[in-house]
Amino acid sequence: MSVDDDRPLLSTRGLTKYYGNRIGCADVSFDLYEGEVLAIVGESGSGKSTLLSLLANELAPTCGTVLYRMRDGETRDLATLSESERRLLLRTDWGFVRQDAREGLRMGVSAGGNVGERLMAVGSRHYGRIRATAGDWLQRVEIDTARIDDTPRSFSGGMRQRLQIARNLVTGPRLVFMDEPTSGLDVSVQARLLDLVRSLVREMGLAVIIVTHDLAVARLLSHRIMVMRAGHVIEAGLADQVLDDPREAYTQLLVSSVLAA
Amino acid sequence: MSAAETGPTHGYNFAYLDEQTKRMIRRAILKAVAIPGYQVPFASREMPMPYGWGTGGVQVTAAIIGRCDTLKVIDQGSDDTTNAVSIRKFFAKTAGVATTTHTAEATIIQTRHRIPEHTLKAGQILVYQVPIPEPLRFLEPRETETRRLHALKDYGLMQVKLYEDIARHGHIATTYAYPVEVAGRYVMDPSPIPKFDNPKMNMSEALQLFGAGREKRIYAVPPHTNVRSLDFEDHPFRVQQFATPCALCGAEGVYLDEVVLDDRGGRMFVCSDTDFCEERRAQGFTGTMSPDWKGEGANGGRQANER
Amino acid sequence: MSTQPVLILDNVTKSFTLHLQGGTRIGVVAGVSFSVEPGECVVLGGPSGAGKSSILKMIYGTYRCDSGAILVDDRGTYVDVASASPRRVLALRRSAMGYVSQFLRVIPRVPTLEIVAEAAREGGVEAEEAQARARHLLAMLNVRESLWSLPPATFSGGEQQRVNVARGLAAERPLLLLDEPTASLDADNRKVVVDLINERKRRGMAMIGIFHDEDVRAQVADRIIDIRHFADSHAA
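Taken in sequence, the protein lines are chains A, B and C. FYI, in UniProt numbering the residues of the first sequence are 1 to 261. FYI, in UniProt numbering the residues of the second sequence are 1 to 307. FYI, in UniProt numbering the residues of the third sequence are 1 to 236.
Possibly wrong hints are sitting among the right ones.
SDA-like mimics (lysine to any residue), calculated; alpha carbons at most 20 Å apart, straight line [said to hold, decoys possible]: (1) B:121 to B:205; (2) B:161 to A:121; (3) B:161 to A:151; (4) B:161 to A:147; (5) B:153 to A:86; (6) B:153 to A:90; (7) B:153 to A:92; (8) B:161 to A:126.
What the simulated footprint calls covered on chain B by chain A, stretch by stretch (three residues with Cβ under 8 Å from a Cβ of chain A suffice, anywhere in the stretch; the number is not a length) [what the hints assert, rightly or not]: (9) 162 to 170; (10) 232 to 245.
Derived by calculation from the structure, the hints in this document are not laboratory data. Because the structure is a prediction, the values reported are computed rather than measured. All residues carry an ideal CB built from backbone N, CA and C; glycine is no exception.
Please take these sequences and the hints and turn them into a complete structure.
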C-alpha cells in the first residue's frame, strides 16, 4: 500500500469557532490518516478542547468543514450528517475517551454493561455473547474479569480510564478522540495507561486525536503534534521534530519549561 | 354534547372537565393512537385528587366517556379498594354513567397496576394510570436526551438495563413496568402492571390508552397492535409462574396476590382480579381455602382462562 | 544492485533561533553536500559540537533544515525529507531508514523481545519472522535470554545500548543512521556490533554514523567526512 495515494480518514479545513466575540479556535486545517496519532498540545484555554469538540461533531463550527471517510468508503461532510447517522458514527466507528471518566461511563451500570452498551446499541441481543465480549475486553485493558459486575464507582481512577477505553474500543472503531485521558492519575498509573493505549493503537491500527497539556504523553503516543495557542495552531509537524527542534517562541517555552528535567 | 346544565351534578360539566379541555385531550389521544407507543404531551389539568392517584387516567376517561358508557375501575385488580371506589364514584357523580365491576360488561375500564384476566374485546377501552411514562428515565435523567433517543429509535440503553438485571440476578428480574416495543417502533412503559400481563397487550382487540397526569403525557396502543416485551435471545421473556392455583376459586394461569393470614406465617394466594375470582366462585369453582372445598380434581381439571 | 546513492544531501543549512534568549541565532552547519552509496558506511568526523548529530537528525527528520535538500531513496524514488509531509517522513522511517540513537527511549512496560520484534514489524516483517530475528539479534549481542521478557528500563547502560542496536538492525532498511551505537559497550560487544555492521554493508545496506571510538571507526568506515568543512560562517 503506497502512502501517496490513499485518502485521509479525517480532513478539516478552516475550522473556526467563535463564542460571541471570543475566539474558541481559528482556521484549523489538517489531514489525519488511518493509524496516525495526532496530539494537540497547549495550555488550558488554548482552544484544544474546543477543537476536539468540533472535530468530534459535538459542537457546530462558526465556519469551516470536517470531512470524514465513512466505513463504506464515502467521504462525508460531518455537518450534513443526520442526527442518527452522527450517533451511529459515534458508537461504531468513533470512540471518545473523556478526561473525567464519570462523563464517559455510566457510573451506575456494571463494568460489563458499560462495555456491552455499544454492542447492544448496534443490535446485539445475545446476553451470553455480549458478556463474553465484555469479559474479553476487560482482560485486554487489564481489569480482572471478576469485577465484571461491579460498577465503576468502586474502581480506581486508572481502572475507570481503562474501562472507558474498553467501552469505546469494543465496536472496533477507526478513530478515537481522547481528551486528557491521563490527567489526574498517579505517574505510575499514567505509564500503565499510556502503554496500554499505545499497544491497542498499534494492534488495531487506530487513528487517534489526543488532546493533552503533557508533552511527555504527546512524545510517547503521537506521530504528529499540533501546538495551539489562543485558538490558533502555531506550529505542527512530526512529534519528535516539534519537541526536539521547536521553531516558535511559544513552543520553545513549552518544551523548555516542561522537559527541563 | 355541550351544555353544563345537562350534567348530573349541578355546577359541573359532564364528566367534570370542560369541553375545550376534553377536546384538547382527545386530540392528544388521536395523535397517540396514530403513533402507537409515542408519548404525546398534553396540558394536564389540576384534578380534585392528588397526583399519584390516577389524575392522568381520570382525565383520559373524562375525555372519552359518553352517557351510554359503562365504567369499571380497578386498582391492583380489585374493584373495591379506596382508589377504585373513589374514581368510580367520581364519574358516577360527575357523569352519571353506569358503573360495573364485571369486566365483560364494561365499555371503559380504568386501571391501576393490572390488566383484567378476561380477554378484552373489540369496543372496550382500557385506560391505564401511569406514574412515570418514560421507560428510559432511570437510565437517562435528561428529558431532552430521552426524547432524542426515542426519535432515533436508539434503545441500546434499555437493553443495558435488562443486561444489568441478568448480571445481578441471573435472570431478568424486572417483574413490573417491564418495557415493551410497540408496533416495532417505540419502546413504551406499560405502567406498573406485572410483566405477567404484558402478553395480554399484544394484538388485543381493545383500545389501550395511557395517561400520566403529573408528567403530562398520553400514549396509546391501538387494537391489533404488536406489543413485544424486550428480552435477549438467550434469556427470552417469560411471565411469572405460580406454584399453586387460587386458594378461593382454584384458577390456574392467572395472576395471584399473596395474602398474609396471621402473624405465624400463614398465607394464601388468591386471584388478584377480584371480579374474575368471584365469577368463578359463583360458577361453583372452589379452591383449597374455600369453605366448600371439594378436593383435588373438583374443578374437573378445567383451566381458568382461555387466554 | 542499484548504483544510485541511497542518500543525497545538497547544500543543507541548519541553525537554531533561540526565542527565549532574545532571538539569538546559532548557526550549526551550512552548505552540507555529500551522498552515500549502497553498501557504504560513511562516518561523520569532527569535534563534538560541530553538528554531527544535527546532521543525522535532519536526515531522520527530527530536526528541520533551513535550506537545501535531503534526498532519501525509497524503493527507487527520492523523497526530500526537508520538504516532505510528516506522513511521508513517517513512511520513510518505516520503509527506508532506521536510526540507532545513543539512548533507548521506550515505553516503560514493554518487554525487550517485544521492543525489538516490534521494530522489525514496523519495517514490514511478518510477526513470526520478526520474533525470530529479534531472538537472533539479542542472542548475538549477548543480551541474556533471561532478560528478554523484561522491560529494558532497569538494564545497565551497555545492555540498553545493545537492545537499541538490535532494534535498529531488526528491520533491515536500506539506510541506517548510527549515533554512537558503541559508546557504552565493552570490547567484546563492540566487536559484535562491528561485525553486524560489516555484514549489513556486504548485503548492500548504506550507513552513516558517528563513532568516537577510533578503533571501531577504522573497522567500519569506508569514508570519513570531516564536517568542519560545513561550519556555519555566521556562527557566533
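*Honestly, which of those hints from before does the structure not fit?*
Checked against the structure, no hint fails, so every one of them is satisfied.
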